[in-house]
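S.K.: Given the coordinates of chain A, assemble chains B and C onto it according to the supplied hints.
Protein chains in written order, with our numbering: chain A, 1 to 330; chain B, 1 to 492; chain C, 1 to 299.
FYI, nobody ran anything at the bench for these hints, they're computed from the structure.
Don't take each hint at face value.
To be verified - Ranges of calculated distance between the beta carbons of each label pair, as one might list FRET restraints:
hint: 1; chain 1: B; residue 1: I331; chain 2: C; residue 2: T107; range: 49 to 57 Å
hint: 2; chain 1: C; residue 1: I100; chain 2: A; residue 2: Y159; range: 45 to 53 Å
hint: 3; chain 1: B; residue 1: T321; chain 2: A; residue 2: F115; range: 25 to 33 Å
hint: 4; chain 1: C; residue 1: S255; chain 2: A; residue 2: F115; range: 22 to 30 Å
hint: 5; chain 1: C; residue 1: I100; chain 2: A; residue 2: F115; range: 43 to 51 Å
Said to hold, decoys possible - Listed below are several chain A residues computed to face chain C (Cβ distance under 7 Å; list not exhaustive):
hint: 6; residue: E55
hint: 7; residue: R136
hint: 8; residue: K138
hint: 9; residue: M192
hint: 10; residue: D194
hint: 11; residue: I199
hint: 12; residue: F223
hint: 13; residue: H228
hint: 14; residue: L266
hint: 15; residue: D268
hint: 16; residue: P271
hint: 17; residue: N273
hint: 18; residue: I277
hint: 19; residue: T280
hint: 20; residue: L281
Said to hold, decoys possible - In silico EDC-like cross-links for lysine to aspartate or glutamate, where the CA-CA straight-line distance does not exceed 16 Å:
hint: 21; chain 1: B; residue 1: K142; chain 2: B; residue 2: E184
hint: 22; chain 1: B; residue 1: K213; chain 2: B; residue 2: E184
hint: 23; chain 1: B; residue 1: K202; chain 2: B; residue 2: E144
hint: 24; chain 1: A; residue 1: K278; chain 2: C; residue 2: E178
hint: 25; chain 1: A; residue 1: K119; chain 2: A; residue 2: E142
hint: 26; chain 1: C; residue 1: K231; chain 2: A; residue 2: D270
hint: 27; chain 1: C; residue 1: K220; chain 2: A; residue 2: D268
hint: 28; chain 1: C; residue 1: K284; chain 2: C; residue 2: D6
hint: 29; chain 1: B; residue 1: K142; chain 2: B; residue 2: E56
hint: 30; chain 1: B; residue 1: K168; chain 2: B; residue 2: E144
hint: 31; chain 1: A; residue 1: K253; chain 2: C; residue 2: D243
hint: 32; chain 1: A; residue 1: K279; chain 2: C; residue 2: E178
hint: 33; chain 1: C; residue 1: K220; chain 2: A; residue 2: D270
hint: 34; chain 1: A; residue 1: K87; chain 2: A; residue 2: E142
Quantities reported herein were computed from a predicted structural model and do not represent experimental measurements.
Glycine included, C-beta positions come from ideal geometry on N, C-alpha and C.
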Amino acid sequence: MERSESMSQENILVVKDLRVWHPVRKLLSIIGYVRAVDGVSFNVPRGRIVAIVGESGCGKTTLARAVMGLIPATSGNIIFEGRDLTKLPRTVIRKWYTGQVGLVQQDPYGAMPPFMTVKGILEEPMRIHGVPKEERSKRVHEILTEVGLTPPEDFVFKYPHMLSGGQLQRVAIARALILRPKLVIADEPVSMLDASVRIEILTMFRELKEKYNLTVMYITHDFATAKHFSDEIMIMYAGQIVEIGDARGVIRKPKHPYTEALISVLPDPDPQNRFTIKKTLPGEPPSLINPPPGCRLWPRCPYVMDKCKREEPSLIETSDGRKVKCWLYA
Amino acid sequence: MSQRTLLLLRRALHYKSFILGVAILLFFIGLSVYAEVTWPFEEAITLWNNPEAWLEYPKFAKPEWITVFTGKRELRGSLILDSRVANLTECVVEVRENKSLIMCKDLYKMREIRSIGNQQILSGITEITFNYEYDEFPSGGKYEVYVNSTEKVYVDLVLVKPNGLEVKLEGGFYTTGAILRTLEVKPGELSRIQLNYAETIKKTYGVEIDVSKIEPVKLLFIDDKLFIEKNIYKPLNGTYRLISSIYSADINATAEVKVLIHGTIYGIAGTDRLGRDLFMAIAWGAPIAIAFGLTASVLSTLLTMILAAISAWYGKIIDNTMARINEIFMIIPFLPTIIMLRLFYGLDLWGMLWIIILFSVWGSGLKTMRAMFLQIREMPYIEAARAYGASSARIIARYMVPRVVPVLIPNIVTAIPSFVFLEAALAILGVSDPRLITWGKVLQDAYENAALTQGHYHWILGPAIALFLMAIAFALIGFTLDRVFNPRLREL
Amino acid sequence: MRAVEDATFRLREGETIALIGESGCGKTSLARAVIRFLPRNVAELSGSVVIDGIETIDMSDRDFDLKIRWRKITYVSQAAISSLNPVIRVIDHMIEPLVIHFKAPKTDAIERAKEIIKRVGIPEDFLWRYPFELSGGMRQRVVIAMSLITNPKIVILDEPTSALDVMTQANILNMLKELRSKMNLSYIFITHDIAVSSELADKVAVMYAGWIVELGPAEKVYIDPLHPYSKGLLGSVPRLRSDTPVTFIPGTPPSLINPPKGCRFRPRCRYAMPKCEEIPPVIKTGSEEYVRCWLYGEK
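Next up, chain A with everything else stripped away, as it sits in the complex:
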């Protein structure tokens, strides 16, 4: 086991060849698998914000849940600070790992139990992990101030339906941070909020990350916020990671054909847009059940070669530190 790579201060999380396959059953027999995540490998450096970007159905949500330990991996390794989650018993994951990782979900209203007050919601993780009573109260007040819900006294006894989406999402972030985790996974944390609120929340999130030396995995379909908010971007397509690189670089000079097409299609507010017809990729993403051999993109790729139809490319590292899953860079 490459303990050195993962034990070093550099990478808090190392994912190796992770696969999450869901069996498709007809009556009692299995006729195939939905390959939601199909051979994903990456490192997450400590203290960085890594964005996982992709369209719906690409597998990013499943990947996030697997890293959280909420769904079991079919094969591969998820190594967190040197410990392989796939080999740990469930009780250890529940008792230890959940205190190390925090989750922020997309839907602010759905993520909060409607019958609990803000205080109750924030205290739950602490109760489960045995934080003593006085400490709990103290932390609740602290964290509420930190996420901008001041004065805390105004919020502790409110119920979720009394707060706005933006406020609730702050509570969600507070809840994710209350156990002082090392890694936070944010799954589309701002997609359901208004445009102006998004930036506010993400900025606050970034400040908290600096303060607590967190590592963040930011799952989204929105490139623009990914660029402004994260250090590194990973693009996912059809259950695989097709490009990894620093945020600005990937967007300014995308290397993978899919990334290129995606970025070219996303608009900035520009009055000239209405005069241009955008170039898009034909067709649709492939089925995740028993996909065809070769590169997942080849039926839609403008640069397709013969090799692409036969062999699946690996993640190739280019000279400037970018990793691209494409034969063009072999």
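M.R.: Positioned in the frame of chain A, the structure of chains B and C alone reads:
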């Protein structure tokens, strides 16, 4: 959470239906308290199951307040004429403990001495007078003669009606012992009193009449003139004299006569075929119904909830197995099963309760609740809870159950009358606790004794109205709670 | 609740106006008021709505239904994709407006449907399929085709692409651009995604708390907005292709039941002046530019 509950309960008070329901419920609770205070539980049961305790009560008596509507005057309870405390000249009607008692002062003594042959025969006469001012005939009656003597005693009992007609009740020799005679008669038989009456009429009016169709007690109180001339049955009002004479050679012979004349009305709810006060049955039926209904409803709902939560959360094998058990119980017919169990094993109320709960828990409620829990399981906050390390037990208890409770509470309340009715229905079918007094048992008794065809409506109406009111009370409370706890679901 | 107050704009033939603003600003209410898709409990609907030269504000509901809706103006709603009846075939969905509104014979309607479905880029045989057999993008195309089948002049597009993937969204927008020029359509385009709005907008109306606070040509509003709110709104859009830092507007939009006195943006505006306690009038700042802000008025 409890703060919120109080708020919601206060909102419920805005609904008139809720207040009405609570009022009726409080009435029943008051009734229960009264029952326990007046007839403590064990005492009530023994009393109810002991026919001898009710001998002095009229049978099939209607509730007293019915005279408000009919305007008739009717005898309440029973007239008890007891010569043991007889007075020769003065008798007083005293009402003691809901019984009309005619008390006569001075002891019955031997008064006259006569000689017959070479034996000295002593005789004594007692007279009891009473007034009968009622528009209805008595419903029945009986008399007892206790003779205590070393020799034979001749007892002669005569009733003198206000119009002077004398009807002989008794005339014969008796030795020490008790003589029991009833003033009612079995159909097809003729009693001595009826024959005596016919004879008297023949002597006085010279008319032959058919007495076979009229009960002895009626003949004793009937207006003879109206009867003979116009064939009208009407009781004769006025002062009646009951004259008892005994003849004996023994100077110390005593004979005591006790006459019981049953009236036609009694109490708040009337009486049944044994003369039992139905109000006691109705009063005691209330706490039993509430206790049974509440226990059955709460227990079955709680158990269903726990099973549904486990089934929905753990899924796969556990879920599948429970679903199959559920389906099996949904198919097994409940009524025949419980009747069979009662027949083979004999069931008291507790046994019945457990079987009913068993079938309720594994019934269709389980499927619906499981569906509710499945829906809750998919909520993001459940996933969040797993993400911060909540155990399955914690999630079920603290995150899933509280979501379901506001739906459950109104269900529990509205289900109570179903269980109460179920117990009553089972009782009518014969499946009930043999000792306890329940409304169902009263109805069963009434049904088996053809109460409706015999015209004893009060016997059925009493428990029926009680059941009806209790059902309404819980239904009103339950529906209001439903609107208060689940506003979005119910307000159209 | 004052959903929309004092909104004024003009739309030429073939022109597209985008209504942008955050949720609750009134953009959907405004569009629905134009086509009279209002809830039953509307307290007041007043002003002037002239469609193709015809004043419609005083028309009875029945008249509006017969003469204006579907003939002159149609509406593609937000939940359009999920509002297709799953047990009705696509063809039946499409011919419904023609058959019901125009009393057209079925065969003619079917011919027209075939024509339109090709224009939105769906093969003809899909007409006989059921909605669940189509992908999200295709369903959206069907809904847009339905709105075009009666040959209207104006189409109201209310968040037509929010539920779609980026790639599909681009395809739909491409299609809308083509149709616009081919059929000489005017669009009223409502969206909360400001970047996407620039894909179609000739004119932009920025809405806030029921007001149109700024109205101007796309070239002006996107590049150099005038109203403080527009500035803030455009500033909060993260740019892909440039590194301009992103800003945000502190505070929250006001209640529409009890709006603040004077300018509704005053509590959050960093340029607020005492004069802002009076409701600012609409001030013309250019040939087709209007701002509702005292900063541009006479001092």
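S.K.: Given A:R136 as an interface hint, is its Cβ closer than 7 Å to any Cβ of chain C?
M.R.: violated (30 Å)
S.K.: May I ask you to test the interface hint for A:P271 with respect to chain C, counting a Cβ-Cβ separation under 7 Å as satisfied?
M.R.: holds (4 Å)
S.K.: Check the following: the C-beta atoms of B:T321 and A:F115 are separated by a distance inside 25 to 33 Å.
M.R.: holds (31 Å)
S.K.: Double-check A:F223 for me: the hint is only fine if its C-beta lies closer than 7 Å to a C-beta in chain C.
M.R.: Interface hint status for A:F223: holds (6 Å vs cutoff 7 Å).
S.K.: Report holds or violated for the interface hint on A:L266, using the least CB-CB distance to chain C and a cut-off of 7 Å.
M.R.: Where the cut-off is 7 Å and the nearest Cβ of chain C is about 6 Å from A:L266, the hint holds.
S.K.: What's the verdict on C:K220 and A:D270, does the C-alpha distance respect the 16 Å limit or exceed it?
M.R.: holds (10 Å)
S.K.: Closer than 7 Å between Cβ atoms is the bar; does A:D194 clear it against chain C? Give me holds or violated.
M.R.: holds (4 Å)
S.K.: Do the alpha carbons of C:K220 and A:D268 lie within 16 Å of each other, as the hint requires?
M.R.: Holds, at about 15 Å.
S.K.: Using 7 Å as the Cβ threshold, decide whether A:I277 counts as touching chain C.
M.R.: holds (5 Å)
S.K.: Run the distance test for C:K231 versus A:D270: straight-line Cα separation, threshold 16 Å.
M.R.: Holds, because 15 Å separates the two Cα atoms, which is no more than 16 Å.
S.K.: Please verify that hint: A:N273, Cβ, nearest Cβ of chain C, below 7 Å or not.
M.R.: Check passed: Cβ of A:N273 comes within 5 Å of chain C, closer than 7 Å.
S.K.: CB of C:I100 to CB of A:F115, is that within 43 to 51 Å?
M.R.: The hint (43 to 51 Å, Cβ to Cβ) holds, given that C:I100 and A:F115 are roughly 47 Å apart.
In this structure, the earlier hints numbered 7, 8, 9, 23, 34 are contradicted, and the remaining ones agree with it.
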